[in-house]
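Colleague: Read off the chains here:
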Amino acid sequence: MSTEEVKPKGPGAAVAEGRVLVIGGGVAGIQASLDLADAGAQVYLVEKSPSIGGWMAFLDKTFPTNDCSICILAPKMADCFGHPNINVLTSSKVIGVKGEAGKFTVTILRKSRFIDEEKCTGCLECVEKCPTKVPNEFEFGLGIRKAIYIPFMQAVPRVVSIDREHCIKLTKDKCGVCEKTCKRGAVDYEMKDQEAEIKVQAIIVAIGFEPWDPTTSREYGYGRYPNVYTAIEFERIINASGPTGGHIQRRSDGQRPRKIAYIQCVGSRNPAVGHPYCCSVCCMHSTKEAMLAREHHDDMESTIFYKDMRTFGKGFNEYMERAKRDYGVRYVNSDATVEENKDNHNPIVVYDVAGKSEREEFDMVVLANTLIPRASSQELAQVLGIPLTEFSFFKSKDRILHPTDTSRDGIFLAGYCAGPADIPECVAQGSAAASRAMDIITHHSAKGAHAAKETHATKEASA
Amino acid sequence: MAADEAKQKLDGLIKKTGAFDCVECGKCTSLCPITKEDPNFAPRLIVVKALEGMAEQVAGARDIWVCLTCARCSAKCPYKVNYTEFIRGMRETARKGGVAPACSEGGLMNSLAGLMTKPDLGQNRLGWLEEGMKVAEKGQYLLFTGCTPYLNVIFGEKDDRVLEGTKAAVRILNKLGITPVVSADERCCGHDQYWAGDRETFEKLARLNIEWIKSTGAKTVLATCPECFRALTKDYQKVDPDFDIEVLHISEFLCDQLEDGKLKLTKEVPETVTYHDGCRLARHIGVVDEPRMLLEKVPGLKMAEMESAGDESACCGVSALMNCDNTSKSIQLRRLKEAKATGASRMLAFCPKCRIHFKCARTGNLPFPKEEVDIDVVDFLTVLDRAI
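Residue numbers (my numbering), protein chains in the order written: chain Z, 13 to 475; chain X, 4 to 391.
The reader is advised that the hints may include incorrect statements.
As the list claims (entries may be wrong) - Calculated cross-link-like contacts (lysine to aspartate or glutamate; reagent style EDC-like; alpha-carbon spacing at most 16 Å):
{"hint": "1", "chain 1": "X", "residue 1": "Lys241", "chain 2": "X", "residue 2": "Glu271"}
{"hint": "2", "chain 1": "Z", "residue 1": "Lys145", "chain 2": "Z", "residue 2": "Glu177"}
{"hint": "3", "chain 1": "X", "residue 1": "Lys121", "chain 2": "X", "residue 2": "Asp259"}
{"hint": "4", "chain 1": "Z", "residue 1": "Lys211", "chain 2": "Z", "residue 2": "Asp434"}
{"hint": "5", "chain 1": "X", "residue 1": "Lys39", "chain 2": "Z", "residue 2": "Glu29"}
{"hint": "6", "chain 1": "Z", "residue 1": "Lys368", "chain 2": "X", "residue 2": "Asp41"}
{"hint": "7", "chain 1": "X", "residue 1": "Lys19", "chain 2": "X", "residue 2": "Glu95"}
{"hint": "8", "chain 1": "X", "residue 1": "Lys39", "chain 2": "Z", "residue 2": "Glu373"}
{"hint": "9", "chain 1": "X", "residue 1": "Lys39", "chain 2": "Z", "residue 2": "Glu351"}
{"hint": "10", "chain 1": "X", "residue 1": "Lys161", "chain 2": "X", "residue 2": "Asp379"}
{"hint": "11", "chain 1": "Z", "residue 1": "Lys368", "chain 2": "X", "residue 2": "Glu310"}
{"hint": "12", "chain 1": "Z", "residue 1": "Lys368", "chain 2": "X", "residue 2": "Glu40"}
{"hint": "13", "chain 1": "X", "residue 1": "Lys39", "chain 2": "Z", "residue 2": "Glu202"}
{"hint": "14", "chain 1": "Z", "residue 1": "Lys354", "chain 2": "X", "residue 2": "Glu214"}
{"hint": "15", "chain 1": "X", "residue 1": "Lys121", "chain 2": "X", "residue 2": "Glu206"}
{"hint": "16", "chain 1": "Z", "residue 1": "Lys184", "chain 2": "Z", "residue 2": "Glu209"}
{"hint": "17", "chain 1": "Z", "residue 1": "Lys115", "chain 2": "Z", "residue 2": "Glu29"}
{"hint": "18", "chain 1": "X", "residue 1": "Lys39", "chain 2": "Z", "residue 2": "Glu177"}
{"hint": "19", "chain 1": "X", "residue 1": "Lys39", "chain 2": "Z", "residue 2": "Glu140"}
{"hint": "20", "chain 1": "Z", "residue 1": "Lys123", "chain 2": "Z", "residue 2": "Asp79"}
{"hint": "21", "chain 1": "Z", "residue 1": "Lys368", "chain 2": "X", "residue 2": "Glu206"}
Claimed, not checked - So the derived label-pair ranges between C-beta atoms look like this:
{"hint": "22", "chain 1": "Z", "residue 1": "Pro147", "chain 2": "X", "residue 2": "Thr275", "range": "47 to 57 Å"}
{"hint": "23", "chain 1": "Z", "residue 1": "Tyr201", "chain 2": "X", "residue 2": "Lys340", "range": "35 to 45 Å"}
{"hint": "24", "chain 1": "Z", "residue 1": "Gly327", "chain 2": "X", "residue 2": "Ala344", "range": "50 to 60 Å"}
{"hint": "25", "chain 1": "X", "residue 1": "Gly313", "chain 2": "Z", "residue 2": "Asp200", "range": "42 to 52 Å"}
{"hint": "26", "chain 1": "Z", "residue 1": "Tyr201", "chain 2": "X", "residue 2": "Ala344", "range": "29 to 39 Å"}
{"hint": "27", "chain 1": "X", "residue 1": "Gly110", "chain 2": "Z", "residue 2": "His309", "range": "42 to 52 Å"}
{"hint": "28", "chain 1": "X", "residue 1": "Gln11", "chain 2": "Z", "residue 2": "Pro399", "range": "26 to 36 Å"}
{"hint": "29", "chain 1": "Z", "residue 1": "Gln267", "chain 2": "X", "residue 2": "Lys340", "range": "22 to 32 Å"}
Hints were generated in silico from the structure; no laboratory data involved.
Don't be surprised by glycine CBs; every beta carbon is placed ideally from N, CA and C.
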């Protein structure tokens with residue numbers, strides 16, 4: 013017996029000493045962190061952007077209840093950040109993992125925000141004074157932000173960051189206005205990136221997805237025709253806290269559209285562009301967006317062009333039926349391509365109904381572009397020593413019976429990074445991964461747990 | 004042909020071309036250049052009927068002869084259904100059932116191809132060679148001239164410069180110090196027969212050409228016509244799997260020569276041109292960048308892209324000289340308008356047939372002012388020839 017072996021203690025004591033790393037601060041990572049922390053374990057939640065929240069913070073409403081997305085997420089974000097057992101490390105990334113289940117040593121790179129997180133109160137006076145305007149990535153360039161910024165109004169932690177690529181103090185040694193403005197002396201242009209080492213017993217990977225850029229599928233006209241939008245862009249412009257204050261406006265002329273077309277499966281169920289899988293959410297989110305558009309304006313006409321409607325979840329089909337019945341949403345069974353009326357920048361949708369080609373002019377087109385694994389998946393998979401699927405999702409040990417386990421003991425998966433899933437499923441997986449991590453904590457090593465089970469099985473077999 | 008046989012052939016085709024994977028999304032229809040002019044033509048419907056086992060309806064319908072096999076649909080099909088091959092296979096089946104297409108120009112080119120299947124045929128097809136052009140019967144490089152000498156006779160009225168590209172090719176190769184093989188023993192490449200479902204004639208032509216090419220001792224075959232190029236690179240191998248002589252499109256070859264410093268483009272060509280990618284060259288094979296790289300190196304030349312270019316290029320409206328009708332005309336005029344809108348003085352193309360079709364479309368009565376489509380269509384190589 014090695015000296016590292018746990019001394020006999022009750023499970024409660026083991027939990028209190030338990031430490032888990034959660035990578036990714038989206039809704040799955042937040043859920044996993046809260047579950048573990050509530051049970052008494054210590055959690056390090058590492059998030060690469062300056063705020064936790066993930067994609068759910070971008071959305072206007074969530075299906076199938078049409079709840080305000082940020083309204084149900086923000087309390088969870090706040091709970092997570094304020095939890096005594098959770099250490100939220102934003103602007104950070106995992107760059108090294110050594111050891112095994114029960115005793116991982118993890119190296120974390122903490123990118124400098126050039127702001128003392130303890131001192132900043134989020135008063136945003138510096139943001140007001142900052143002279144440098146940058147296209148806002150949170151609004152996909154539809155709005156602007158400053159070089160010192162918080163990513164969105166409900167950001168957690170409510171601490172500003174300086175964008176090192178655009179800040180003229182950092183790039184050209186000019187300005188320095190934010191330092192002068194800050195009454196608490198939180199700005200530090202000399203702040204360096206730091207590496208930190210932590211010891212954990214289990215790791216949960218929940219890094220989510222990124223939307224696929226449909227520019228290369230030129231037949232949809234995205235990037236060429238101003239009034240063709242991606243779904244996530246549309247979520248922002250229909251959102252009251254978005255760049256247009258919730259007014260649905262066209263890029264070309266600022267006018268409100270009356271006829272909107274939604275095109276499904278853009279880049280998904282498409283082996284030709286490398287994504288044969290169904291993104292599993294666009295049937296529902298396009299239906300939702302069509303409903304919301306109608307809620308904004310009574311005269312809004314929405315048409316959804318689809319390959320198949322896959323409204324498979326609980327209450328999902330009823331949701332679609334409600335869209336048809338109560339919101340007048342029209343569903344057309346055809347993929348479609350987009351042309352443009354050069355005179356008024358109206359997109360023209362070309363499609364096929366029962367073998368007859370149709371052309372129809374719309375005011376706006378919203379593409380349900382697919383969601384793909386993050387570009388950083390490859391790198392992280394190498395750091396963690398776990399395999400990816402052929403499409404670069406993280407690979408489960410067993411898709412059916414061990415969906416949240418990976419081939420490496422002590423490393424678990426949650427959310428979209430393990431394969432297409434909607435919000436409720438991501439939350440469920442977050443909880444599932446937390447429970448699997450708890451198993452490691454209480455046995456202190458998966459090996460121990462495995463051995464215990466094996467002994468049990470052997471006993472049964474010999475009995 | 005018995006219904007059973009048609010059904011069997013259809014099942015084989017569905018497997019071979021991946022049509023079974025079709026999810027009936029209709030993207031093919033939304034991209035089809037024919038559909039744009041004739042809304043009742045729907046590629047999706049043809050596949051759906053085939054999948055439903057309606058073999059005879061599919062094989063007997065006019066639709067399979069209307070398709071341009073331009074591969075606009077295949078290139079974008081999410082499930083990678085090889086639609087062009089599906090149509091071609093259906094045509095073979097239909098022909099066996101006694102259904103044949105109506106060829107334009109009274110089927111003259113087609114009859115000529117038939118004549119060329121005679122092994123001991125003596126052709127007089129080198130009359131276009133000008134004084135000073137150096138060609139040989141044997142050598143390392145073979146220039147596949149294609150049907151331009153015949154097209155020149157038949158379509159001379161519509162396009163009196165059909166041969167200019169072939170001549171330019173010889174001149175350019177001579178300037179590079181190459182004496183290409185150009186011979187009266189060359190036959191029609193058989194492309195049109197292959198795509199019209201006449202497998203028998205195609206195979207005869209392919210065998211004769213392969214035999215001839217081998218007899219010249221050529222190491223590299225250079226093709227200028229995109230249709231010949233497609234046949235030589237993709238279809239001859241189906242007739243003779245051992246046919247492994249290197250086949251390059253002349254633009255690929257000249258790009259290599261440019262990189263090696265052998266081809267020097269030094270003379271100014273001060274004008275703006277646009278370039279029409281043939282469907283065989285750009286989509287069937289994927290030669291898109293080479294022609295553009297060459298144009299870029301011509302001093303003083305400006306290249307203006309059309310609205311649809313590269314592998315999304317619009318079609319010339321006719322394939323295998325089978326289907327020339329109002330739909331073709333509309334497609335051609337639409338393309339000419341695109342070319343004219345670039346502000347270019349000329350539209351370049353490699354394919355002699357594309358050029359003939361465009362020039363023909365311009366000559367009829369137009370439903371709009373002639374100026375909208377008034378752009379010269381010339382062979383690509385003539386520009387390079389002027390620049391050396």
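Colleague: For each hint, tell me whether it holds in the structure or not.
Modeller: So, going through the hints one by one against the coordinates:
1. X:Lys241 to X:Glu271: Violated: Lys241 (chain X) and Glu271 (chain X) sit about 44 Å apart, past 16 Å.
2. Z:Lys145 to Z:Glu177: Distance ~12 Å between Lys145 (chain Z) and Glu177 (chain Z) Cα, so the pair holds.
3. X:Lys121 to X:Asp259: At roughly 37 Å apart (the allowed maximum being 16 Å), Asp259 (chain X) and Lys121 (chain X) break the hint.
4. Z:Lys211 to Z:Asp434: Violated. Lys211 (chain Z) to Asp434 (chain Z) sits at ~32 Å, over the 16 Å cutoff.
5. X:Lys39 to Z:Glu29: violated (69 Å)
6. Z:Lys368 to X:Asp41: Holds, at about 9 Å.
7. X:Lys19 to X:Glu95: holds (14 Å)
8. X:Lys39 to Z:Glu373: holds (15 Å)
9. X:Lys39 to Z:Glu351: Given pair Lys39 (chain X), Glu351 (chain Z) holds - Cα atoms ~12 Å apart, limit 16 Å.
10. X:Lys161 to X:Asp379: Within the cut-off at roughly 13 Å; holds.
11. Z:Lys368 to X:Glu310: Roughly 25 Å between the alpha carbons, so the hint for Lys368 (chain Z) and Glu310 (chain X) is violated.
12. Z:Lys368 to X:Glu40: holds (12 Å)
13. X:Lys39 to Z:Glu202: violated (62 Å)
14. Z:Lys354 to X:Glu214: Violated, at roughly 54 Å.
15. X:Lys121 to X:Glu206: Measuring from Cα to Cα gives roughly 12 Å; hence the hint holds.
16. Z:Lys184 to Z:Glu209: Roughly 33 Å between the alpha carbons, so the hint for Lys184 (chain Z) and Glu209 (chain Z) is violated.
17. Z:Lys115 to Z:Glu29: Holds, at roughly 12 Å.
18. X:Lys39 to Z:Glu177: violated (47 Å)
19. X:Lys39 to Z:Glu140: With Cα atoms ~53 Å apart, Lys39 (chain X) and Glu140 (chain Z) exceed 16 Å; violated.
20. Z:Lys123 to Z:Asp79: violated (34 Å)
21. Z:Lys368 to X:Glu206: violated (37 Å)
22. Z:Pro147 to X:Thr275: 47 to 57 Å: violated (34 Å)
23. Z:Tyr201 to X:Lys340: 35 to 45 Å: With a Cβ separation near 58 Å, Tyr201 (chain Z) and Lys340 (chain X) fall outside 35 to 45 Å, so the hint is violated.
24. Z:Gly327 to X:Ala344: 50 to 60 Å: Once the Cβ atoms are compared, 51 Å apart, the range 50 to 60 Å for Ala344 (chain X) and Gly327 (chain Z) holds.
25. X:Gly313 to Z:Asp200: 42 to 52 Å: For Gly313 (chain X) and Asp200 (chain Z) the Cβ distance comes to about 51 Å; the hint holds.
26. Z:Tyr201 to X:Ala344: 29 to 39 Å: Since Tyr201 (chain Z) and Ala344 (chain X) have Cβ atoms about 52 Å apart, the given range 29 to 39 Å is violated.
27. X:Gly110 to Z:His309: 42 to 52 Å: violated (60 Å)
28. X:Gln11 to Z:Pro399: 26 to 36 Å: violated (43 Å)
29. Z:Gln267 to X:Lys340: 22 to 32 Å: With Cβ atoms ~29 Å apart, the hint holds.
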